[in-house]
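Listed below are the residues making up each chain.
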Amino acid sequence: MAQIVAAEFTRFGKRNEDIVELSALPAIPIVRKHRDAIDFVVVSNSYSGEYADVSGLNNLITTRLSLDNVPSLRVDNTSGSGGSAILTALALVESGIARNVLVIGTEKMTSGNTKRSTRIIASLLNNEERKAGLSLPSLAAFMAQQYLEKFKAKRESLALVAVKNHANGSLNPYAHFQKPTTLEEVMASKVIADPLRIFEYCPVSDGAVAMILSSDETAPSISEDRIRIKSSAMASSSSSISFRKDLTEIECVKQASREAFRRAGVSPSDVDVAELHDMATILEIVESEDAGFFKKGEGWKAIIDGETDIGGKLPINTSGGLNSKGHPIGATGIAQAGEIYLQLTGRAEKRQVKGASIGFALNMSGFGNSATASVFEVV
Amino acid sequence: MNYHSCEDCGEKFLVDRAFCPRCHSERIQKRQIETGRVISVVHLVATPEPYPDQYSLVLAEAEGVKFFCRSTDKVARGDPVKLSDTDDGLICSLQGIS
Numbered sequence: 001m002a003q004i005v006a007a008e009f010t011r012f013g014k015r016n017e018d019i020v021e022l023s024a025l026p027a028i029p030i031v032r033k034h035r036d037a038i039d040f041v042v043v044s045n046s047y048s049g050e051y052a053d054v055s056g057l058n059n060l061i062t063t064r065l066s067l068d069n070v071p072s073l074r075v076d077n078t079s080g081s082g083g084s085a086i087l088t089a090l091a092l093v094e095s096g097i098a099r100n101v102l103v104i105g106t107e108k109m110t111s112g113n114t115k116r117s118t119r120i121i122a123s124l125l126n127n128e129e130r131k132a133g134l135s136l137p138s139l140a141a142f143m144a145q146q147y148l149e150k151f152k153a154k155r156e157s158l159a160l161v162a163v164k165n166h167a168n169g170s171l172n173p174y175a176h177f178q179k180p181t182t183l184e185e186v187m188a189s190k191v192i193a194d195p196l197r198i199f200e201y202c203p204v205s206d207g208a209v210a211m212i213l214s215s216d217e218t219a220p221s222i223s224e225d226r227i228r229i230k231s232s233a234m235a236s237s238s239s240s241i242s243f244r245k246d247l248t249e250i251e252c253v254k255q256a257s258r259e260a261f262r263r264a265g266v267s268p269s270d271v272d273v274a275e276l277h278d279m280a281t282i283l284e285i286v287e288s289e290d291a292g293f294f295k296k297g298e299g300w301k302a303i304i305d306g307e308t309d310i311g312g313k314l315p316i317n318t319s320g321g322l323n324s325k326g327h328p329i330g331a332t333g334i335a336q337a338g339e340i341y342l343q344l345t346g347r348a349e350k351r352q353v354k355g356a357s358i359g360f361a362l363n364m365s366g367f368g369n370s371a372t373a374s375v376f377e378v379v
Numbered sequence: 380m381n382y383h384s385c386e387d388c389g390e391k392f393l394v395d396r397a398f399c400p401r402c403h404s405e406r407i408q409k410r411q412i413e414t415g416r417v418i419s420v421v422h423l424v425a426t427p428e429p430y431p432d433q434y435s436l437v438l439a440e441a442e443g444v445k446f447f448c449r450s451t452d453k454v455a456r457g458d459p460v461k462l463s464d465t466d467d468g469l470i471c472s473l474q475g476i477s
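Residue numbers (the working numbering), protein chains in the order written: chain D, 1 to 379; chain L, 380 to 477.
If you're looking for bench data, these hints aren't it; they were derived computationally from the structure.
Yeah, the Cβ is synthetic: ideal placement off N, Cα and C, and Gly gets one too.
One should not assume that every hint holds.
[What the hints assert, rightly or not] What follows is a list of derived Cβ distance ranges for each label pair:
1) L:Val424 with D:Thr63: 54 to 62 Å
2) L:Arg406 with D:Lys154: 28 to 36 Å
3) L:Val424 with D:Lys150: 19 to 27 Å
4) L:Pro459 with D:Glu298: 29 to 37 Å
5) D:Asp216 with L:Arg410: 50 to 58 Å
6) L:Ile412 with D:Glu156: 36 to 44 Å
7) D:Lys296 with L:Asp432: 48 to 56 Å
8) L:Glu386 with D:Asn16: 41 to 49 Å
9) D:Asp36 with L:Glu405: 22 to 30 Å
10) L:Lys461 with D:Lys296: 33 to 41 Å
11) L:Ala397 with D:Asn16: 56 to 64 Å
12) D:Lys350 with L:Asp452: 48 to 56 Å
13) L:Ile412 with D:Pro173: 49 to 57 Å
14) D:Lys150 with L:Glu413: 24 to 32 Å
[Claimed, not checked] Restricting the straight-line Cα-Cα distance to at most 30 Å, the calculated cross-link-like pairs of lysine-lysine (DSSO-like) are:
15) D:Lys152 with L:Lys409
16) D:Lys150 with L:Lys409
17) D:Lys154 with L:Lys461
18) L:Lys461 with L:Lys409
19) L:Lys409 with D:Lys296
20) L:Lys391 with D:Lys14
21) D:Lys152 with L:Lys453
22) D:Lys179 with L:Lys391
23) L:Lys461 with D:Lys115
24) D:Lys131 with L:Lys391
25) L:Lys461 with D:Lys254
26) D:Lys230 with D:Lys350
27) L:Lys409 with D:Lys115
28) L:Lys453 with D:Lys190
29) L:Lys409 with D:Lys154
30) L:Lys461 with D:Lys245
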C-alpha cells in the first residue's frame with residue numbers, strides 16, 4: 001500500500017514555459033520541502049518528442065530540480081500515461097525499490113495547430129485504421145451515435161455533461177476553462193464530428209502536476225494531509241477499434257474498475273467523488289456505466305437528474321474533467337488523482353464534496369485501449 | 380482493400396497480426412475485398428494532417444470484417460460502397476455500385 005502525501009498543480013491552458021520548465025514548476029514547492037526524502041522520480045508524458053523535440057525528459061527534469069542523482073524514468077501510455085505512472089510508482093514503493101516517489105505528469109501541446117495535434121494524437125491508431133483519416137474525436141462521435149440510438153438517450157444529456165463540467169471548472173483555479181456555459185451555448189457551438197460539438201470535447205492544453213507517493217511507513221513523516229491508494233488496477237482492450245464488438249461499452253474500463261473495487265474491498269456505491277476520462281462528453285456517460293456507478297444505458301439519465309453534480313449522489317469530475325480543466329495528455333491521470341487528493345483532504349475549496357472519504361479515478365489510454373482504475377481513501 | 384483470415388479457425392480481422400487473435404495460429408492469409416456495406420457515418424470537420432479539411436468517415440463491413448474508410452459522397456447506413464486503397468488512404472464511394 002502507498003499514500004499520496006502532497007499534490008501541486010499548474011493552471012492548465014496555453015503556457016509560455018518550455019516543457020522542462022513547465023514540468024519542474026509544480027514540483028518546486030514539493031522538492032523544497034522534501035528533497036532528502038525523494039528517492040525516485042516517475043514522469044508521465046507522451047509527446048515531448050512530437051511537440052517539443054525533447055527526449056529523455058525525466059532526466060532533464062531531475063537536473064532542473066537539482067535531483068541529478070535521483071533515478072528517474074518516463075512512462076508513456078498516451079492519454080493513460082498518468083494512471084500508468086501511478087501504477088509504476090506504486091510498484092516501486094510496494095517492491096521496496098523506493099520509499100518516496102515524486103510523480104510528475106506533464107505535457108506541452110499548444111505549440112502546434114489543431115490539425116497537427118489531431119495528427120499527433122491519431123498516431124496511436126493502427127495504420128490500417130488511421131489511413132482512413134480517423135481521429136480520436138471522430139471515434140467519440142461514432143460512439144455517441146450508437147449510444148443515443150441503442151439506449152434511446154436524449155441528445156441533450158451529452159451536452160449537459162459539458163454544462164456540468166464547465167460549472168465545476170469555473171470553481172477550479174487550475175482549470176483551462178473557468179467559465180460556466182449553458183445547454184443553449186453548447187448546442188449552438190460548432191459541430192466537430194457529427195453529432196458532437198466543440199464544447200463537448202476537451203481543449204488542447206499545456207499543463208503539469210506533481211505529487212509524492214510514499215510507503216505507508218514513511219508517509220506520516222512527510223505530511224499530515226494524506227490519502228491511501230487502496231487499489232489500482234489496469235486492463236487492456238484491442239488497439240484495433242474495428243475489432244471491438246460494441247462501441248457503446250469499453251471492456252477495459254469494466255475490467256479495471258471491477259478489479260480495483262474488488263482489491264479495495266469497496267463497491268461503486270461507497271464512492272463519494274469520482275474523476276472520469278471525459279475526452280468527449282459521451283465518454284463520461286459510458287465510463288460511469290462501465291465503472292459500475294450506473295446500469296448500462298442509464299448513465300445519461302443520471303446526468304439529466306443532476307446525480308453527478310457537486311451536491312448530487314455521486315459527483316463526477318468535480319475538477320471540471322478533461323472537458324473544462326483541459327487534457328495535457330501526460331498530466332491528466334496525475335491531475336485526476338490530484339483532484340481526489342484535494343477532495344479527500346478537504347482542500348477542494350468551492351467545489352468541495354462534503355464529507356468525501358472514498359474517491360475513484362479512471363484514466364484511459366487511446367480510445368479505451370487501456371484503463372487504470374484507482375480507489376482512494378482518506379487516512 | 381486487404382483483411383486477414385486465419386486458415387485454422389476462420390477468424391477474420393483487419394489489422395495485421397503475428398498470431399490469430401482467437402486460436403493463436405500463425406497460418407494467416409491476406410484476403411482482398413472491393414465492396415462493403417455502410418454501418419455508420421460521421422461527418423468530420425476537424426481532420427488530422429495530411430487529410431482534407433472535411434470528409435465523412437465511414438464504419439463499414441464486408442465479409443464479416445469491420446473497417447473504417449473515408450468518403451466525399453453522401454453515404455448513408457446500409458449503402459453498398461466501393462473500396463479503393465489509395466496512396467491517400469482507404470476511400471469508399473458510391474461510384475460503380477449498381
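These are the hints, each one checked on the structure:
Under the hint 54 to 62 Å, the C-beta atoms of Val424 (chain L) and Thr63 (chain D), about 43 Å apart, miss the expected range. Range check, Arg406 (chain L) to Lys154 (chain D): about 49 Å between beta-carbon atoms, so the 28 to 36 Å window is missed. Range check, Val424 (chain L) to Lys150 (chain D): Cβ separation about 25 Å, and the 19 to 27 Å hint holds. Checked against the given bound of 29 to 37 Å, the beta carbons of Pro459 (chain L) and Glu298 (chain D), roughly 36 Å apart, stay inside it.
Between Asp216 (chain D) and Arg410 (chain L) the beta carbon distance is about 56 Å. The supplied range of 50 to 58 Å therefore holds. Taken as a hint, the range 36 to 44 Å holds for the pair Ile412 (chain L) and Glu156 (chain D), whose Cβ atoms sit roughly 39 Å apart. Range check, Lys296 (chain D) to Asp432 (chain L): about 37 Å between beta-carbon atoms, so the 48 to 56 Å window is missed. Checking the proposed 41 to 49 Å range against Glu386 (chain L) and Asn16 (chain D) shows it is violated: the Cβ atoms sit about 58 Å from each other.
The hinted window of 22 to 30 Å between Asp36 (chain D) and Glu405 (chain L) is violated, with their beta carbons roughly 54 Å apart. For Lys461 (chain L) and Lys296 (chain D), the Cβ-Cβ distance of about 37 Å falls inside the hinted range of 33 to 41 Å, so the restraint holds. Our hint of 56 to 64 Å for Ala397 (chain L) and Asn16 (chain D) is violated, since their Cβ atoms are close to 46 Å apart. Range check, Lys350 (chain D) to Asp452 (chain L): Cβ separation about 51 Å, and the 48 to 56 Å hint holds.
The beta-carbon spacing between Ile412 (chain L) and Pro173 (chain D), approximately 54 Å, falls within the hinted interval of 49 to 57 Å. The hinted range of 24 to 32 Å is satisfied by Lys150 (chain D) and Glu413 (chain L), whose Cβ atoms lie roughly 30 Å apart. Under the criterion of a C-alpha separation no larger than 30 Å, the hint pairing Lys152 (chain D) with Lys409 (chain L) is inconsistent with the structure, at around 39 Å. With a C-alpha separation of about 34 Å, the suggested pairing of Lys150 (chain D) with Lys409 (chain L) is violated against the 30 Å cut-off.
Using a Cα cut-off of 30 Å, the hinted pair Lys154 (chain D) and Lys461 (chain L) is violated, with the two alpha carbons roughly 34 Å apart. A hinted pair counts as satisfied when its Cα atoms are at most 30 Å apart, and Lys461 (chain L) with Lys409 (chain L) qualifies at roughly 19 Å. Distance check on the hinted pair: Lys409 (chain L) and Lys296 (chain D) sit about 37 Å apart at the alpha-carbon level, beyond 30 Å; violated. Annotation: proposed proximity of Lys391 (chain L) to Lys14 (chain D) is violated, straight-line Cα distance about 45 Å (limit 30 Å).
At roughly 25 Å between alpha-carbon atoms, Lys152 (chain D) and Lys453 (chain L) fall within 30 Å of each other, so this suggested pair holds. A hinted pair counts as satisfied when its Cα atoms are at most 30 Å apart, and Lys179 (chain D) with Lys391 (chain L) does not qualify at roughly 48 Å. Between the alpha carbons of Lys461 (chain L) and Lys115 (chain D) the distance comes to roughly 28 Å, so the proposed pair stays at or under 30 Å and holds. A C-alpha spacing of about 20 Å is found between Lys131 (chain D) and Lys391 (chain L), which places the hinted pair at or below 30 Å, so the restraint holds.
Distance restraint check for Lys461 (chain L) and Lys254 (chain D): the Cα-Cα separation of roughly 37 Å exceeds the 30 Å cut-off, and the hinted pair is therefore not satisfied. Note on Lys230 (chain D) and Lys350 (chain D): the hinted pairing holds, with a Cα-Cα distance of about 26 Å set against a maximum of 30 Å. Only pairs whose Cα atoms come within 30 Å are accepted, and Lys409 (chain L) paired with Lys115 (chain D) is rejected, the gap being roughly 33 Å. Restraint check for Lys453 (chain L) and Lys190 (chain D): satisfied, since their Cα atoms lie roughly 21 Å apart, inside the 30 Å limit.
For the hint pairing Lys409 (chain L) with Lys154 (chain D), the CA-to-CA distance comes to about 42 Å; that exceeds 30 Å, so the pair is violated. Only pairs whose Cα atoms come within 30 Å are accepted, and Lys461 (chain L) paired with Lys245 (chain D) is accepted, the gap being roughly 24 Å.
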